[in-house]
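**Q** In order, the protein sequence lines correspond to chains A and B.
Just so you know, my numbering puts 74 at position 74 of the first sequence, and the rest follows in order with no gaps.
Just so you know, my numbering puts 126 at position 126 of the second sequence, and the rest follows in order with no gaps.
Just so you know, the hints here were simulated from the structure itself, not pulled from any lab data.
Please read these numbers as outputs of a predicted model, since none were measured by experiment.
Please note that a few of the clues may not be correct.
With the Cβ distance kept under 8 Å, some of the chain B side facing chain A (calculated, not the full set) [said to hold, decoys possible]: (1) Ala4; (2) Ala11; (3) Leu12; (4) Lys29; (5) Asp33; (6) Val34; (7) Arg48; (8) Ala83; (9) Leu89; (10) Phe91; (11) Asp107; (12) Arg110; (13) Leu116; (14) Gly120; (15) Leu123; (16) Leu124.
Far from chain B, some chain A residues (derived; all Cβ distances over 12 Å) [claimed, not checked]: (17) Ala10; (18) Leu14; (19) Ile42; (20) Ala51; (21) Val76; (22) Pro78; (23) Ala79; (24) Thr80; (25) Leu95; (26) His96; (27) Ile110; (28) Arg125.
Yeah, the Cβ is synthetic: ideal placement off N, Cα and C, and Gly gets one too.
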Amino acid sequence: MTFRKYLVLASVTLCASIGDSLLSRGMKQVGGISVNHLSDVILAVLNPSVALGILLLLGFFASYMTALSWADLTYVLPATSLGYVLLTLIAKFYLHETVTTSRWMGVLLISGGVGFVTQGPALTRHPANPHLHEAGCEPAAAKDEP
Amino acid sequence: MKQAYTWSAIALIVLASTTGDILLSRAMKQVGDVGTLWRQSGLWRVLRRVLRNPNFLFGVLAMTTAFYSLLFGLSWGDVSLIAPASASLTFVTNAVAAKIFLHERVDHRRWMAAVLVAGGVVLLAA
C-alpha cells in the first residue's frame, strides 16, 4: 500500500460522511417535499449545501471505484467505515450533540475493525483468474500485496 | 404485517447492495488499476473502459435498486431499525459473497473486521 492509495481510502471516507452531512443539512433547509410537487426535488439542487453534497458524493463514487480497482471489497469496506466514527466526532464536537456510552462503544468496535483489516494484505492474488489480469493489472507473481 | 414488510425491505436492501458491491468490485478488477491505466492511456480511456463494462452497469442498477428499497422501507418502518440493520448486515453478507463469488481470501482478520464494524454500526444507532 502506497501513500497515494491511503489518500484514496481517506477520500472515500471523507467524501461519503461530509457529503451525507451536507445533503442532510441542505434538505432540512429546503423543507418537506410533497408528493404533489416532485419538481421541488430538482429545485433542491440549487441549495448550495445540496449541490456541494452531490459533488462530494460523486467524489465518493469515483474514489470508491478507484479503491476497488486495486484492493479487495472485504478490505475497502471495513477500511473506509471510519466515516461512521468521523460523523460521531462531528456530532459531539461540532454539533454539540450528546453521544451516549453505547455510541462510544460502537466507535471503539469500528476503530478495532479498521485496525484489524488494515494490518493485512489489501489484495488477494488470483494467478489463474484471467479477469484480474486484463489490461492494467500487475502480473500474478506475488501472493499478496503487503 | 408491518414488521414483515420492514424486514422484507431490509432483506431486499441487503441483497441488492451486496449484489451491487460484488458486481462493481468485479468490474473494477476487470478494468485494472485505475491509476496505472490513467497514466498509460489517459482519463478518457479509463472512463470508457469503466462505462462499457457490463458488470459496472448491472452493479449501478443493483445499487439503484438498493436505494429505492431503502426509500420504500423507510415509508413502512423506522429509520432507527432499517438503516443500521441493513448497513451492518451488508458488511457480513459482503464478506460471505466476496469469498464465494470473488474468491477473495477472507482470513480471520477480515472476518473480525466485518463483525466488529457491523456490531459498531448497530451500537451507533442504539
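**Q** Hint by hint, say whether it matches the structure.
**A** Hints versus structure:
{"no.": "1", "hint": "Ala4", "result": "violated (25 Å)"}
{"no.": "2", "hint": "Ala11", "result": "violated (19 Å)"}
{"no.": "3", "hint": "Leu12", "result": "violated (20 Å)"}
{"no.": "4", "hint": "Lys29", "result": "holds (5 Å)"}
{"no.": "5", "hint": "Asp33", "result": "holds (5 Å)"}
{"no.": "6", "hint": "Val34", "result": "holds (4 Å)"}
{"no.": "7", "hint": "Arg48", "result": "violated (12 Å)"}
{"no.": "8", "hint": "Ala83", "result": "violated (11 Å)"}
{"no.": "9", "hint": "Leu89", "result": "violated (13 Å)"}
{"no.": "10", "hint": "Phe91", "result": "holds (6 Å)"}
{"no.": "11", "hint": "Asp107", "result": "holds (7 Å)"}
{"no.": "12", "hint": "Arg110", "result": "holds (5 Å)"}
{"no.": "13", "hint": "Leu116", "result": "holds (3 Å)"}
{"no.": "14", "hint": "Gly120", "result": "holds (3 Å)"}
{"no.": "15", "hint": "Leu123", "result": "holds (3 Å)"}
{"no.": "16", "hint": "Leu124", "result": "holds (4 Å)"}
{"no.": "17", "hint": "Ala10", "result": "holds (15 Å)"}
{"no.": "18", "hint": "Leu14", "result": "holds (18 Å)"}
{"no.": "19", "hint": "Ile42", "result": "holds (17 Å)"}
{"no.": "20", "hint": "Ala51", "result": "holds (19 Å)"}
{"no.": "21", "hint": "Val76", "result": "violated (8 Å)"}
{"no.": "22", "hint": "Pro78", "result": "violated (4 Å)"}
{"no.": "23", "hint": "Ala79", "result": "violated (8 Å)"}
{"no.": "24", "hint": "Thr80", "result": "violated (10 Å)"}
{"no.": "25", "hint": "Leu95", "result": "holds (15 Å)"}
{"no.": "26", "hint": "His96", "result": "holds (18 Å)"}
{"no.": "27", "hint": "Ile110", "result": "violated (4 Å)"}
{"no.": "28", "hint": "Arg125", "result": "violated (9 Å)"}
In the structure shown, a violation is registered for the earlier hints numbered 1, 2, 3, 7, 8, 9, 21, 22, 23, 24, 27 and 28, in ascending order.
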